[in-house]
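Chains as they are written, first to last, in our numbering: chain A, 1 to 108; chain B, 1 to 114.
One or more of the hints may lead you astray.
Per the computed footprint, the stretches of chain A lying under chain B, defined by three or more beta-carbons under 8 angstroms from a beta-carbon of chain B, are [what the hints assert, rightly or not]:
# : stretch
1 : 65–76
2 : 91–98
Below, a list of computed lysine-lysine pairs in the PhoX-like style, where the Cα atoms sit at most 25 angstroms apart [unchecked claim]:
#  : chain 1 : residue 1 : chain 2 : residue 2
3  : B       : Lys41     : A       : Lys70
4  : B       : Lys40     : A       : Lys26
5  : B       : Lys22     : A       : Lys26
6  : A       : Lys56     : A       : Lys95
7  : B       : Lys36     : A       : Lys95
8  : A       : Lys95     : B       : Lys38
9  : B       : Lys22     : B       : Lys40
10 : B       : Lys22     : A       : Lys95
11 : B       : Lys9      : B       : Lys40
12 : A       : Lys26     : B       : Lys38
13 : A       : Lys95     : B       : Lys41
14 : B       : Lys53     : A       : Lys95
Pairwise CB distance ranges, derived in the manner of DEER restraints [unchecked claim]:
#  : chain 1 : residue 1 : chain 2 : residue 2 : range
15 : A       : Ser68     : B       : Ile56     : 25 to 35 angstroms
16 : B       : Lys9      : A       : Ala81     : 23 to 33 angstroms
17 : A       : Ala81     : B       : Ile56     : 34 to 44 angstroms
18 : B       : Glu67     : A       : Gln14     : 42 to 52 angstroms
19 : B       : Lys41     : A       : Ala81     : 17 to 27 angstroms
20 : A       : Ser68     : B       : Thr112    : 42 to 52 angstroms
21 : B       : Glu84     : A       : Glu5      : 20 to 30 angstroms
22 : A       : Asp66     : B       : Ala80     : 43 to 53 angstroms
23 : B       : Lys18     : A       : Asp66     : 41 to 51 angstroms
24 : A       : Lys95     : B       : Glu67     : 35 to 45 angstroms
25 : B       : His10     : A       : Thr27     : 30 to 40 angstroms
26 : B       : Ala80     : A       : Thr20     : 42 to 52 angstroms
If you're looking for bench data, these hints aren't it; they were derived computationally from the structure.
Being a predicted model, the structure only gives us computed values, none of them experimental.
Each residue gets a CB set at the ideal place from its N, CA and C atoms; glycine is no exception.
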Amino acid sequence: SQQGEEDPQALSIQEGENATMNCSYKTSINNLQWYRQNSGRGLVHLILIRSNEREKHSGRLRVTLDTSKKSSSLLITASRAADTASYFCATTYDKVIFGPGTSLSVIP
Amino acid sequence: DTEVTQTPKHLVMGMTNKKSLKCEQHMGHRAMYWYKQKAKKPPELMFVYSYEKLSINESVPSRFSPECPNSSLLNLHLHALQPEDSALYLCASSQGGGSRDTQYFGPGTRLTVL
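All chains, please: the whole structure from these sequences, using the hints.
Shown next as structure tokens:
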């Protein structure tokens, strides 16, 4: 069963713009992770934020977590065509559950 | 070495065939996972092995049979599959046996059942 919901389902932006994806979940979590998947291949781990953290940065990525609203956001700054992929949030408690994902297209 | 390898990359099988998917990691991880992913959907957890013991089976039909011969290897034995089992099968591993650790994914096996 899916726990998270992601918004938007699809996002199309121009290269250089910022992309923001949101994830909501329903139950308690230990941490929340974001993954990227290119065109039906394996998932690549991007960033993990623990339940007691509110914000985390990694290169052009910024993740926020609001446990009171049970939501997280992933911001990709200065997007590149190579960022075109599907992005999934995954919540972990007793097991990992993936959200439905956001399909990001970055137009050169 | 931070790589999880999966073989084969592609597999086409009939409903009466028996085949196996293989997954290998050499990161010293003690947990390994099988996921099933349909097109345009998120991965769905099938099985979790923790310290070489099956710890989670997400009510997967018995035509899928996992095996963990040692801490580096994970197999998924397939028998009498249905066309609706066609999907991308992903293997992953993590350092600990719990769910708090980052999971590292292999590239997947694209399975087609005719």
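Verification of the hints:
Counting residues of the stretch 65–76 of chain A whose CB lies closer than 8 angstroms to any CB of chain B gives 0, which falls below the minimum of 3, so the coverage claim is violated. Note: the stretch 91–98 of chain A has 7 residues with beta-carbon separation from chain B under 8 angstroms; the three-residue rule is met and the coverage holds. Straight-line distance between C-alpha atoms of B:Lys41 and A:Lys70 comes to about 22 angstroms, which keeps the hinted pair within the 25 angstroms bound. Note on B:Lys40 and A:Lys26: the hinted pairing holds, with a Cα-Cα distance of about 22 angstroms set against a maximum of 25 angstroms.
Note on B:Lys22 and A:Lys26: the hinted pairing is violated, with a Cα-Cα distance of about 34 angstroms set against a maximum of 25 angstroms. Restraint check for A:Lys56 and A:Lys95: satisfied, since their Cα atoms lie roughly 22 angstroms apart, inside the 25 angstroms limit. With a CA separation close to 15 angstroms, the supplied pair B:Lys36 and A:Lys95 stays within the 25 angstroms bound. Taken as a hint, the A:Lys95 and B:Lys38 pair is honoured in the structure, with Cα atoms around 20 angstroms apart against an allowance of 25 angstroms.
Taking the CA atoms of B:Lys22 and B:Lys40, the gap is near 24 angstroms; set against the 25 angstroms cutoff, the hint holds. Proposed proximity of B:Lys22 and A:Lys95 is supported: the alpha carbons are some 22 angstroms apart, at most 25 angstroms. The suggested pairing of B:Lys9 with B:Lys40 holds, with an alpha-carbon distance near 19 angstroms, which does not exceed 25 angstroms. About 23 angstroms separates the Cα atoms of A:Lys26 and B:Lys38, which keeps this hinted pair within 25 angstroms; it holds.
Straight-line distance between C-alpha atoms of A:Lys95 and B:Lys41 comes to about 18 angstroms, which keeps the hinted pair within the 25 angstroms bound. The suggested pairing of B:Lys53 with A:Lys95 holds, with an alpha-carbon distance near 16 angstroms, which does not exceed 25 angstroms. The hinted window of 25 to 35 angstroms between A:Ser68 and B:Ile56 holds, with their beta carbons roughly 29 angstroms apart. The given range of 23 to 33 angstroms is respected by B:Lys9 and A:Ala81, whose C-beta atoms sit roughly 25 angstroms from each other.
Between A:Ala81 and B:Ile56 the beta carbon distance is about 38 angstroms. The supplied range of 34 to 44 angstroms therefore holds. At roughly 48 angstroms, the beta carbons of B:Glu67 and A:Gln14 sit within the given window of 42 to 52 angstroms. At roughly 25 angstroms, the beta-carbon separation of B:Lys41 and A:Ala81 lies within the given 17 to 27 angstroms, and the hint holds. A hinted range of 42 to 52 angstroms for the beta carbons of A:Ser68 and B:Thr112 is consistent with their spacing of about 45 angstroms.
The supplied range of 20 to 30 angstroms is met by B:Glu84 and A:Glu5, whose beta-carbon atoms lie about 25 angstroms from each other. In this structure the hint that A:Asp66 and B:Ala80 lie 43 to 53 angstroms apart at CB holds, the actual value being about 47 angstroms. A hinted range of 41 to 51 angstroms for the beta carbons of B:Lys18 and A:Asp66 is consistent with their spacing of about 49 angstroms. Range check, A:Lys95 to B:Glu67: about 20 angstroms between beta-carbon atoms, so the 35 to 45 angstroms window is missed.
For the pair B:His10 and A:Thr27, the supplied restraint of 30 to 40 angstroms holds, since their beta-carbon distance comes to about 37 angstroms. Taken as a hint, the range 42 to 52 angstroms holds for the pair B:Ala80 and A:Thr20, whose Cβ atoms sit roughly 45 angstroms apart.
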